[in-house]
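**Q** Each chain is listed here by its residues.
Protein chains: 2
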Amino acid sequence: MNVPVSAQDLIDDRDGRAKGAAALDSGELRLLDAYWRAANYLSVGQIYLYDNALLREKLTLAHVKPLVVGHWGTTPGQNFIYVHLNRTIRLHDLDMIYIAGPGHGGPALVANTYLEGSYSEIYPNVGQDEAGMKKLFKQFSFPGGVSSHVAPTTPGSIHEGGELGYSLSHAFGAAFDNPGLIVACVIGDGEAETGPLATSWQSNKFLDPATDGAVLPILHLNGFKISNPTLLARIEPEELEQFFRGCGWDPLFVEGDEPQTMHVLMAEAVETAIARIQAIQQNARDNNDPARPRWPMIVLRSPKGWTGPKQVDGLKIEGSFRAHQVPLLVDAAHADHVRLLEAWLRSYGPEQLFDENGTLMAEIAALAPKGDRRMGANPHANGGVLLRDLQMPDFRDHAVAVPAPGAVTAQDTMALAKFLRDVTRLNEGQRNFRIFGPDETISNLLGEVFEVTNRQWEARENADDEFLAPQGRVLDSMLSEHQCQGWLEGYLLTGRHGLFNSYEAFIRIVDSMFSQHAKWLKVTLELPWRRKIASLNYLLASHVWQQDHNGFTHQDPGFLDHVINKKADIVRVYLPPDANCLLSVFDHCLRTRHYVNVVVAGKHAMPQWLTMEQAIVHCTEGVGIWQWASNDQDGEPDVVMAGCGDTPMLEVLAAVTILRQHLPELRIRVINVVDLMRLQPSAEHPHGLSEIAYDSLFTTDKPIVFAFHGYASLVHGLTYRRANRNLHVRGYKEEGTITTAFDMRVQNDIDRFHLVQDVVDKLPNPGSKGAYLKQAMRDKLIEHKHYIDAHGEDMPEIRNWMWGA
Amino acid sequence: MNVPVSAQDLIDDRDGRAKGAAALDSGELRLLDAYWRAANYLSVGQIYLYDNALLREKLTLAHVKPLVVGHWGTTPGQNFIYVHLNRTIRLHDLDMIYIAGPGHGGPALVANTYLEGSYSEIYPNVGQDEAGMKKLFKQFSFPGGVSSHVAPTTPGSIHEGGELGYSLSHAFGAAFDNPGLIVACVIGDGEAETGPLATSWQSNKFLDPATDGAVLPILHLNGFKISNPTLLARIEPEELEQFFRGCGWDPLFVEGDEPQTMHVLMAEAVETAIARIQAIQQNARDNNDPARPRWPMIVLRSPKGWTGPKQVDGLKIEGSFRAHQVPLLVDAAHADHVRLLEAWLRSYGPEQLFDENGTLMAEIAALAPKGDRRMGANPHANGGVLLRDLQMPDFRDHAVAVPAPGAVTAQDTMALAKFLRDVTRLNEGQRNFRIFGPDETISNLLGEVFEVTNRQWEARENADDEFLAPQGRVLDSMLSEHQCQGWLEGYLLTGRHGLFNSYEAFIRIVDSMFSQHAKWLKVTLELPWRRKIASLNYLLASHVWQQDHNGFTHQDPGFLDHVINKKADIVRVYLPPDANCLLSVFDHCLRTRHYVNVVVAGKHAMPQWLTMEQAIVHCTEGVGIWQWASNDQDGEPDVVMAGCGDTPMLEVLAAVTILRQHLPELRIRVINVVDLMRLQPSAEHPHGLSEIAYDSLFTTDKPIVFAFHGYASLVHGLTYRRANRNLHVRGYKEEGTITTAFDMRVQNDIDRFHLVQDVVDKLPNPGSKGAYLKQAMRDKLIEHKHYIDAHGEDMPEIRNWMWGA
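The listed protein sequences correspond, in order, to chains A and B. So in the working numbering the end of the first sequence lands on 1684, straight run, no missing numbers. So in the working numbering the end of the second sequence lands on 1684, straight run, no missing numbers.
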């Protein structure tokens, strides 16, 4: 049956367009149109019908849902596209998935996966018969039912409808390292106006035709958004073509509203596109041609709400913004609209489409691809099915030798780079690990990965470029956090592994994208048929305390606040205090599934505290007393000094040095927190410490002076249920400019001199020694300021400070 | 002197290019180049020199800063652009400002404003002589000095270098309603890869040539980012031209590296661009021509680090990514580089540029524009100078009549719409108020503004469009939160007023943009010469509790968490519980200066609680006891029930109804919080309640059951210093799907039945009546679930609930 047609067969020599359309004879055309009508019928049914699914009786208000919710506008166009993609899948036995950029067209994807059978395989209670159809209709956008958008519950989906803008980035992420896959990506003309989508057209400069799959963008130009026209529909046709050619694409245009003509045009366009994709791939793979291809894409201009009501109450509906959601109000106040709805539904001829049982007629059903070729059953869209463990090197090979705490310095991310280099090398064969970043891989000191791989880049190269090649494991040549995040998500969702390295401040550019991905993970966790995927790993380097030279705009540790509001099942936050801890943490993160792991790490030379053995124990615990820095071993501490983050911990230890020198009788317990979620109650987060464990570390009443990497209120938010309320937190308080790294800490009161004062302030009876020490600290701060002003650098005692010295 | 040259004079009939280049005779060319060399000299000096500013003696390591920090790469190109813009300003007496997209080129803007004199007028301690030049050099990127980026401290700037992507949106924001202004916007080719910038090219479909000013984009194609090439430099030239023509621009190309030739080419391109801008404006204004113009833009392709070191230690520097930051390391480890630095500096011929005093030679200085025409002194770039108060209607005119609490329902944003309509109408004459949104103005129920204005839209119109016109006060026809935010910021920064209406969830798309704007406000507040601008007002409608139908992806109240981490001087957060409160709050917000006001409001029909008089008092207080709902007037309350947000407050009052019915002897105090920052201590926020005031409302020890609009931890973070730790907060906990609005509350435990149970749990001695009531509430929740499943809607007692009934 599925005899693949070769690319050569399909390209007509005369004009380079496919002759595949010729194959669309009147018989197939009739069936294709019937299939489309069936999908449209099911879509309208989902939006409106509570009962009478097959219109066996006259439609009444009682058959209509009490609250009709859904988006019709994009739906018939997406049904049209899906049906035509089915055809090309069958013709060429293609491995193809479908991404619905206008994901509010949920009815289309549900209808099509139902028609092809993949829906009922996953949800057997929604069978391919009349009873099943009724359930299909009722559940849609109904309490306890399925979302009106394309969602995790939708078979074949890796892309949620909701926040728009990321479809094309997701599509490219899915295509990387999947040379046999074609990702069809429907892009709404509303979505196309978002920033992330606008820049994602450039992704074609990063896709290797030899070793990656293909992306077939289909811009669905239906002309309207919620209540406005769309820009791309209202510029001149020649501008539209210039725009896409300027973005490096080879656009094919399909335009009209007469279904029969449109089927012929669309079939030709799809066949042409597939033929060109195959020709490009064949050329690259057979001839090793490094030229950047101009990949085909399709622009489909069809009416919004196509085949729906033309006019209602004198207002234009089809082909206008009024078709965006529910084009026809059918309720007690609009009871006469019932007959319009019935006429609309009957216009699809349901009796010609479904048999007596309510099952799609066999000759129509035969048009769907079979088995895993159905887009609702393609395993790439349930990536966990395809997920293979990473080959993991031994991170301990890159341990920094730490003869004594603070005795050596190292650059944490540089140590991590060696480990990531090894991970890259070990998994080169299985091609399922990539590193993403917005041109910051070198800046974040991960450059050692380029010993074993390159930056993937398909545009022009110059002799002086570094590490560019048509193939490579690093995608960091585009200055767009949105693209990094979108590509990585697409890559993970199709069953691979990776990480995103970014400056800490600018990860906030993708706050909303993280949020949507975390929501996706939360919901898929509740769906047994969805397999777990690899975690999304963030390496936030060049963090807030190392932005003394770039200044205030580069200082924002608030991503942590954002992350911890998501479900505890999903989010993990680590702030390793040194290189060995970073190695241990990152090794763990790369092994985890279905989390978002946020790791904050520094790149500057900083003192190292723990041996690798100590680091492993410490990171496994996630929080612990650093006995070597504490002097409370013979009893209760007088004060607990805690640090979380490399820089706060450095200042905590410097403060401890001062305190132990000047107040040697003060019993200090020093705690480091690596795993931030340990602070939450165990009832709220699986990593949370039990009350007993927390109290045994932090005591129930002794003062805690806590130096934190981010905003202080985050620690208060995590610990408000803890018994010990004697907690004093220092963190970033939005102060900072061009200055020294130490002065940055002073400006935010998190430096050693402030911390010592905080401890004295918290002592029940600081005495004259305490008062003297406080004054000495104030003097130190004045001395510091003077030195900075005079010399532009820190005084030697800061620069040369060593633990214990 | 400044005889304006008309557009007609400048357009050469033969090819439409300007003949202005002819005016660049050899004398002017020599001076222009000298001016550019002076700017380059000052830029290199800022990056490197601690002393010996005029190279009066041989350069030694002692003259070089201990830590050399700065970005050279973009700087000479921006100096080149600035000098040429100066020329056209002088030629035509133009009102022009300069936006530096590659804002890390701080040295360029500082150098040029210093040369033209605007810098020293603002900072008299940095005079135009040798001593001043030394200060200029030393302060740059030096502790306590000025940022290495273009920053609020930089005269003439409304756009900070740091996070990239927003320059062109800012430029358009500045141009709206400024018909005499030309905004020159330099866009880096790295920045051009960001999503926000990529979509902002489309802004030309929204600029009215008759009533707005012009934007002249200058894409600076210097080929490299931090360590990667840029995409736009590595596509084919015909693709680049197609891209811009596809975006609706008319590009002019200037390309090369030989200064003399480049001056001639650039002068011609700038003159051509200005002539075309003037011709477009003249045509639109004289002929009322509604055709969308193809505005000119310039693509300047010049080497990165132009005129800097060609090679260092065998590696190419000029024209490579290595020129991005400091192209030449000069320190003890690279002591031999001192002579390279000296040769580089001397290549500009400082002795020909500056006189004995270190002052720019008079014949060179004459090339700068004069007075306010200098881009560093243009009042548009210090918008507070131009700010005029809004004409304010009386918001009380739109009061919702509330005969008794809960007696009527209204749609809050619909009431606000009437007020905004009046604000729009009243300020139509002074043209300084605009409403921005991503196609959500109608959805957020603000449509009544279209009674008096339109959506501004310059692209094609169809007969069926609604409210589109070439001029209008609403900019909501582009689906891009980035554009809305960027345009509004540009509009505010140039001294006008406005608001951004958005779905609450999707405002997170601009988290990072808000953050940068808040930082800008914080720093400008510390600069006496910067005048205060109008506040940035967010109206977050279609909020988390009204996204039951769109589902989980549309639910995110976390923007509040993000906002409150910024400086207390800057941020204000309001959650009005009903329409009259919303009116009162918004009237206040529109009158404020230099804040970010976040207002969360609903659009669904909800019970109304306060008369306008009560609302004004309540909103002025920001928090208060609702006596009519409380029954603790004769003593201490047994429990405090607090709500913040319209939906939580509704549930609080419903819970109070149940409690007072079943436990009539329980003394309940009901509190509503409108102004969220009232919860913080007064030491931390100017709106914060004093301890006495807080305790008198919330008591020091009675249980507080607090229903909050957003994430519960936010309230804990704000109140952790308060005496009363007996605080139990309910909020959104990331649960929600397609269901009823009430079921959404149930899923997050914030509904009346859960709140009643919370109160009982907190009572020291709930007794058997308490136990009975808890069980009754559990039963109610089961009943609710059953009803939803059976009917797809809430049970009648929920739908029909009224206060006190």
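Bear in mind the hints are in silico, worked out from the structure with no lab data behind them. None of these values were measured; they are calculated from a predicted model. Please note that a few of the clues may not be correct.
The list treats identical chains as interchangeable, and a pair is accepted whether it falls inside one copy or across any two copies.
Using 25 Å as the maximum straight-line C-alpha spacing, the simulated SDA-like pairs for lysine to any residue come out as follows [unchecked claim]:
1) Lys1641 <-> Ile1571
2) Lys1641 <-> Thr1579
3) Lys1297 <-> Arg1275
4) Lys1013 <-> His1665
5) Lys1013 <-> Pro1284
6) Lys1653 <-> Arg1275
**Q** Taking the hints in turn, state whether each one holds.
**A** The hints, checked one at a time:
1. Lys1641 <-> Ile1571: Cα proximity of lysine 1641 and isoleucine 1571: in one copy and across copies (24 Å, 23 Å).
2. Lys1641 <-> Thr1579: both (15 Å within a copy, 22 Å between copies)
3. Lys1297 <-> Arg1275: within (11 Å within a copy, 67 Å between copies)
4. Lys1013 <-> His1665: between (79 Å within a copy, 20 Å between copies)
5. Lys1013 <-> Pro1284: neither (69 Å within a copy, 43 Å between copies)
6. Lys1653 <-> Arg1275: Neither. Shortest intra-copy (43 Å) and inter-copy (55 Å) distances fail the 25 Å Cα cut-off.
Hints 5, 6 from the earlier list are contradicted by this structure; the remaining hints agree with it.
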